[in-house]
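Visitor: With the hints as constraints, model all of the structure from the sequences given.
6 protein chains.
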Amino acid sequence: MRPSGRTPDQLRPILLQRQFTRHAEGSVLVGFGDTRVICTASVQESVPGFLRGKGRGWVTAEYGMLPRATNSRSDREAARGKQTGRTQEIQRLIGRALRAVVNTEALGERTVILDCDVIQADGGTRTAAITGAYVALHDAMRHLERRRMLTRFPLHGQVAAVSVGIYRGEPVLDLDYAEDAEAETDMNVVMNEAGGYIELQGTAEGHAFRPDELSAMLELARGGIMQLLEAQRETLASSP
Amino acid sequence: MRPSGRTPDQLRPILLQRQFTRHAEGSVLVGFGDTRVICTASVQESVPGFLRGKGRGWVTAEYGMLPRATNSRSDREAARGKQTGRTQEIQRLIGRALRAVVNTEALGERTVILDCDVIQADGGTRTAAITGAYVALHDAMRHLERRRMLTRFPLHGQVAAVSVGIYRGEPVLDLDYAEDAEAETDMNVVMNEAGGYIELQGTAEGHAFRPDELSAMLELARGGIMQLLEAQRETLASSP
Amino acid sequence: MRPSGRTPDQLRPILLQRQFTRHAEGSVLVGFGDTRVICTASVQESVPGFLRGKGRGWVTAEYGMLPRATNSRSDREAARGKQTGRTQEIQRLIGRALRAVVNTEALGERTVILDCDVIQADGGTRTAAITGAYVALHDAMRHLERRRMLTRFPLHGQVAAVSVGIYRGEPVLDLDYAEDAEAETDMNVVMNEAGGYIELQGTAEGHAFRPDELSAMLELARGGIMQLLEAQRETLASSP
Amino acid sequence: MRPSGRTPDQLRPILLQRQFTRHAEGSVLVGFGDTRVICTASVQESVPGFLRGKGRGWVTAEYGMLPRATNSRSDREAARGKQTGRTQEIQRLIGRALRAVVNTEALGERTVILDCDVIQADGGTRTAAITGAYVALHDAMRHLERRRMLTRFPLHGQVAAVSVGIYRGEPVLDLDYAEDAEAETDMNVVMNEAGGYIELQGTAEGHAFRPDELSAMLELARGGIMQLLEAQRETLASSP
Amino acid sequence: MRPSGRTPDQLRPILLQRQFTRHAEGSVLVGFGDTRVICTASVQESVPGFLRGKGRGWVTAEYGMLPRATNSRSDREAARGKQTGRTQEIQRLIGRALRAVVNTEALGERTVILDCDVIQADGGTRTAAITGAYVALHDAMRHLERRRMLTRFPLHGQVAAVSVGIYRGEPVLDLDYAEDAEAETDMNVVMNEAGGYIELQGTAEGHAFRPDELSAMLELARGGIMQLLEAQRETLASSP
Amino acid sequence: MRPSGRTPDQLRPILLQRQFTRHAEGSVLVGFGDTRVICTASVQESVPGFLRGKGRGWVTAEYGMLPRATNSRSDREAARGKQTGRTQEIQRLIGRALRAVVNTEALGERTVILDCDVIQADGGTRTAAITGAYVALHDAMRHLERRRMLTRFPLHGQVAAVSVGIYRGEPVLDLDYAEDAEAETDMNVVMNEAGGYIELQGTAEGHAFRPDELSAMLELARGGIMQLLEAQRETLASSP
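Protein chains in written order, with numbering that gives the first Met the number 0: chain P, 0 to 239; chain G, 0 to 239; chain B, 0 to 239; chain D, 0 to 239; chain V, 0 to 239; chain F, 0 to 239.
Rather than coming from a laboratory, the hints here were simulated on the basis of the structure. Because the structure is a prediction, the values reported are computed rather than measured. You may find that some hints are simply not true.
What the hints assert, rightly or not - With a straight-line Cα cutoff of 25 Å, these simulated DMTMM-like cross-link-like pairs (lysine to aspartate or glutamate) come out: (1) P:Lys81 <-> G:Asp74; (2) F:Lys81 <-> P:Glu88; (3) G:Lys81 <-> B:Asp74; (4) P:Lys53 <-> P:Glu108; (5) B:Lys81 <-> P:Asp74; (6) P:Lys53 <-> F:Glu44; (7) G:Lys81 <-> P:Glu88; (8) D:Lys81 <-> F:Glu76; (9) F:Lys53 <-> V:Glu181; (10) V:Lys81 <-> G:Glu76; (11) D:Lys81 <-> G:Asp74; (12) P:Lys81 <-> F:Glu76; (13) B:Lys53 <-> B:Glu108; (14) B:Lys81 <-> G:Glu76; (15) D:Lys81 <-> V:Glu88; (16) P:Lys81 <-> B:Glu88; (17) G:Lys81 <-> D:Glu76; (18) V:Lys81 <-> G:Asp74; (19) V:Lys53 <-> V:Glu108; (20) P:Lys81 <-> D:Glu76; (21) G:Lys81 <-> F:Glu76; (22) G:Lys81 <-> V:Asp74; (23) V:Lys53 <-> D:Glu44.
Guide: Given below as structure tokens:
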């Protein structure tokens, strides 16, 4: 029995609220249950040094968490003067995940920065961030398209992410904090709309996981991601 | 004529949404028009070194802005590795303003940290932060009181803040970004419920301001702050 | 009765020693009683990035304190690896105060950096720094003028600063450390030669200050600043 | 055809040289082909704050690369003043991998720090580091055992790691730099002696990888890791 | 012929002004010609961790230079966020030089920090700093003695320093900036009152220096240091 | 009697292994007894800003020590976020020593960076680093010569370094850690093939050293360096 009463293959309620803030080219509040992340997409008419003059764009991500997004307050990274290893790991993951569906030549010499800021955390902040950032990135691309700044639409695929794990011996989908804190294995899966893996990150917390457990988790992840991709499409089909 | 169509002595719509996030002892979303700041109050059962063993508590504040809270994206302070002078100045101001209404002996050897994070900026972020942080601080104090952790209520006064300025030659209340960017003088006023000044910070941007201009701005500030204090009382009187 | 025996409206002895060190275009040792600050003005033939190519110059300030300028030694900021919030706040104030009297177009694409380093502290270091930096800045401008590097003189006004406060219930001018440590209110006033306010920063340390107390403090500040402006003029009228 | 002429399931020559340097409790030079990493295990009689007084030990890792370990020199992290996100990600991975086989209660209140420093890089530095660090950790545990500082041997399993990927459409084992730079997918697999997964990190570089590709890669990894585990056992069985 | 007209073995005018600032236990303005350094000695009733509980004290030094002490302004180290290698090298040298004449057991569990801040630089700042810091240290020790906080006087020797070099082929004493910038060899010599070497640091800038040149430089240094030691004694013999 | 049984004028066994790693233009493992340092020379086709466009090259050095190169583990500088003063002092010394034998015009607008990383420390790491870095630098120059990128060979001399000291009252050559920790005086001597001094750094640890002790140490150093220079020549004469 899961603490939330969910079935093993049940996602938490999904929230994808577009135009959450005013200034960004894309701005989405994403919720996976009580986890809430603001994802903004900012377009800049320049690229990092290593891409200058190559006719290609770049997509990158930054991740942060408000100090009291969690149950006990954590230090503000800006005050400590550096980002933790965890933060860097997550923002690198988000960036890679989104770049996997971007045609950087179609984007042109521009950078899109995805800022994912957790305002409330209850497990799964990185998978929520990827799922929400995709919608924000899509809105930013439409923004460029409406202004006739593109010759082709730069997204060639769709991407979403979810966590899976082994909780009290059973594979479960989309772990909340209560489950995550106790899980024996925790895996984040990033997948595109064709069911291809973009990123797989699994960690044994308690015992090493067996190949059959891996298969069960991957199956759960596939089911969850298909629902998340559908939720993204629905949101994007509506007027924001 | 103000860009927003407001009269010189008119505040923007005020939003004070309590229990905005789940984890903090106090959590308020404050809005001054389009400016939106999340203010959380976190209670910690310890005090900074210089107060240890003295039977007194501490109240402090930290301030941040999401990178795309503004019209053009600013660098993430955590990534740059340090807080700007502006950030430090603002968080020191918020801390002083709130400490002015706290009886630190009644609080006991605890620290309350007020995190003020701007998610959307349109001028007046520091005055909105002070006004919202007061409500979050009050909720945190009630939280301690309900748990019978206090012998006396530690707040001995109420505090709110507003900006005033000279815009196109005329004193105006509660400047939005369009006004602020062009104002000749910008002043932040922090006041308690008895009309006493807690903090006054005025800066001539264009020409030096005259004593009569100062008087007119202080009069506007007083009127605005009385409305903000009333809004705080109304919010706190309702169940959250 | 003030610890120093001064009357409430009495400044400490003022020292403005020009050409205190050899290398800078302007170099002034300023003293407000026992407070001693070395203010140098350094001219650089370049401007910060945001001003490049705009035909305008820039004036900025940096502030520091020798570790043993104070009664108990404070850590060296260079060794700690960052400037405190207080330092940043003060250097931003000094920069704004001086820019208020500079015609940046007349200055041309140059930067003047005002370094204000406290070698002995006894209260009022920021107001002494502003008052001394004006003289150093003036000397640097004369230096450029003598070299025929200017078409117009870039200073269109004069600026000085003083602190006022409420000490043991009475408004007093130019607080020394003994008064400052105990004052209920502390206010720094920056004014130009026409009596216009350039900056006002008042903080209630004990109780909130009333409008009549504010008026009394502003009156004292005005009187003190007029004497400081006169002292600056005298110094500048003599050969250094 | 692989650039090195290896078959798809062929590891590079493995080197595990114990007692490579004199001072550390465990010191191993590990080679996967031309990749060379010095892994030292240092025992400290203390634990991090969060474990103090709990009767348990800790194992952690740090990773570095000499500036000219690579084909073009990279900046020295100590000179830049911070570790890159990549470095932090790798050292967190190494630490988690090794902790998975440690009984921290049997270790007692001690910390073992595994320093993995790459002196020559040719792909697979993190998997070589994990594989070598296990041997260094084992030597450090034997060192403690010989000094009768343990009541039980703290390692309850064995761990090794290898990379797999899709190179020119074909799954291959243990990628060298020439392959890695061009691979469409790159996956690091950490496994114990029972064939359980300790960590799985797969990233699509070019196209998303399909479930059948995942299976093929996992199969290759299993075969490679079994050989690495055997090599570790052989080394440890000999006198160093 | 030296730019200053001095003979090869002639020191610049020496200034040793005690009680230069008010707060420090020892405070000396030292001048070697136009080089001016404020040296303060601060006593703290604690020692660094590695000495705690050992009944011995510590003497250490920090060095800084005001940004415009030099002909062209250098960046403020506190603003850059770190001390240069040059600064660290110099402050380590000053600390070693002074510790060489201190009986740390007689000092007791206290630290004396020597802050050497250059307000005007014209070559030889480190040797001036050592020479002046000795006087400040002596005053601080007398301060402790007057308060009956010592059982024995902790200085068992006297120390001073001077630079020597090869300028246009000729060995010269106490190089000023004009000479230093052009010198083929630059050597700093720290010596005690018995003519023993405490520190020797010689660097060939142009050609390597021969043994006979070394001898000539050491002879000049000895003569100069004897005069400096005499100047210290005279200063300390007078009432400050 | 020396702990190692050596005579006072006896060097430890010298190791100079060229082509120790693959990527660098020069790569040498240098050993002075148990001290082991990897010295690589990396050629970059650019120069620091202050040399740009002047037709001259630059040679610089960086120094590091693996955390467990020493008997007790020291913190990783990259993790601490800054290099110690000791590290900076040593790398500045190595850079100066090597530049003394380089004709920077013959080098052309290139930089050679010498990375000296200690993998095992037993005293004398800086002198071993200089001695090994010379060989690495020479190999890098030959590398450029073979590619016909030079018109003249840029090395006009040869350089090596050794430590000398007073151990238990007697001058000794090439101190190992056991001697160094106890030595009364420690001196590092850098010399060229003509017997000219390039750098001399002597520090009295216990008592100040007398002129006759200085002479004896310099004599020992000369003898040792002549052997080191010979060892360099032999190594360079053989095919690597």
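Visitor: It remains to establish, for every hint, whether it holds in the given structure.
Guide: Comparing the hints with the structure gives:
Simply put, lysine 81 of chain P and aspartate 74 of chain G have alpha-carbon atoms about 14 Å apart, close enough for the 25 Å limit, and the pair holds. Proximity of lysine 81 of chain F to glutamate 88 of chain P is assessed by CA-CA distance (about 22 Å); at most 25 Å being required, the pair is judged to hold. With a CA separation close to 19 Å, the supplied pair lysine 81 of chain G and aspartate 74 of chain B stays within the 25 Å bound. As the CA atoms of lysine 53 of chain P and glutamate 108 of chain P are separated by approximately 8 Å, the hinted pair is consistent with the 25 Å bound.
At most 25 Å may separate the alpha-carbon atoms for a hinted pair to count; lysine 81 of chain B and aspartate 74 of chain P meet this at roughly 18 Å. For the proposed pair lysine 53 of chain P and glutamate 44 of chain F, the alpha carbon gap of about 22 Å is at most 25 Å, so the pair holds. The hinted pair formed by lysine 81 of chain G and glutamate 88 of chain P meets the criterion: a straight-line CA distance of about 20 Å does not exceed 25 Å. With a C-alpha separation of about 9 Å, the suggested pair lysine 81 of chain D and glutamate 76 of chain F falls inside the 25 Å cut-off, and the hint holds.
With a C-alpha separation of about 19 Å, the suggested pairing of lysine 53 of chain F with glutamate 181 of chain V holds against the 25 Å cut-off. Distance hint between lysine 81 of chain V and glutamate 76 of chain G is fulfilled; the C-alpha atoms sit about 18 Å from each other, no more than 25 Å. Of the pairs offered as hints, the one joining lysine 81 of chain D and aspartate 74 of chain G holds, with about 18 Å between alpha carbons and a cut-off of 25 Å not exceeded. The suggested pairing of lysine 81 of chain P with glutamate 76 of chain F holds, with an alpha-carbon distance near 15 Å, which does not exceed 25 Å.
Straight-line distance between C-alpha atoms of lysine 53 of chain B and glutamate 108 of chain B comes to about 8 Å, which keeps the hinted pair within the 25 Å bound. For a cut-off of 25 Å, the pair hint linking lysine 81 of chain B to glutamate 76 of chain G stands: about 14 Å separates their Cα positions. Between lysine 81 of chain D and glutamate 88 of chain V, the direct Cα distance comes to roughly 22 Å. Compliance with the 25 Å bound is thereby established for this hinted pair. Distance restraint check for lysine 81 of chain P and glutamate 88 of chain B: the Cα-Cα separation of roughly 22 Å lies within the 25 Å cut-off, and the hinted pair is therefore satisfied.
A distance of roughly 18 Å separates the Cα atoms of lysine 81 of chain G and glutamate 76 of chain D; the hinted pair therefore holds under the 25 Å criterion. Restraint check for lysine 81 of chain V and aspartate 74 of chain G: satisfied, since their Cα atoms lie roughly 22 Å apart, inside the 25 Å limit. About 8 Å separates the Cα atoms of lysine 53 of chain V and glutamate 108 of chain V, which keeps this hinted pair within 25 Å; it holds. For the given pair, lysine 81 of chain P sits about 14 Å from glutamate 76 of chain D by alpha-carbon distance, which is consistent with the 25 Å threshold.
About 20 Å separates the Cα atoms of lysine 81 of chain G and glutamate 76 of chain F, which keeps this hinted pair within 25 Å; it holds. Restraint check: the Cα-Cα separation between lysine 81 of chain G and aspartate 74 of chain V comes to about 18 Å, which is no more than 25 Å; the hinted pair holds. Between lysine 53 of chain V and glutamate 44 of chain D the CA atoms are separated by roughly 22 Å; this keeps the pair inside 25 Å, and the hint holds.
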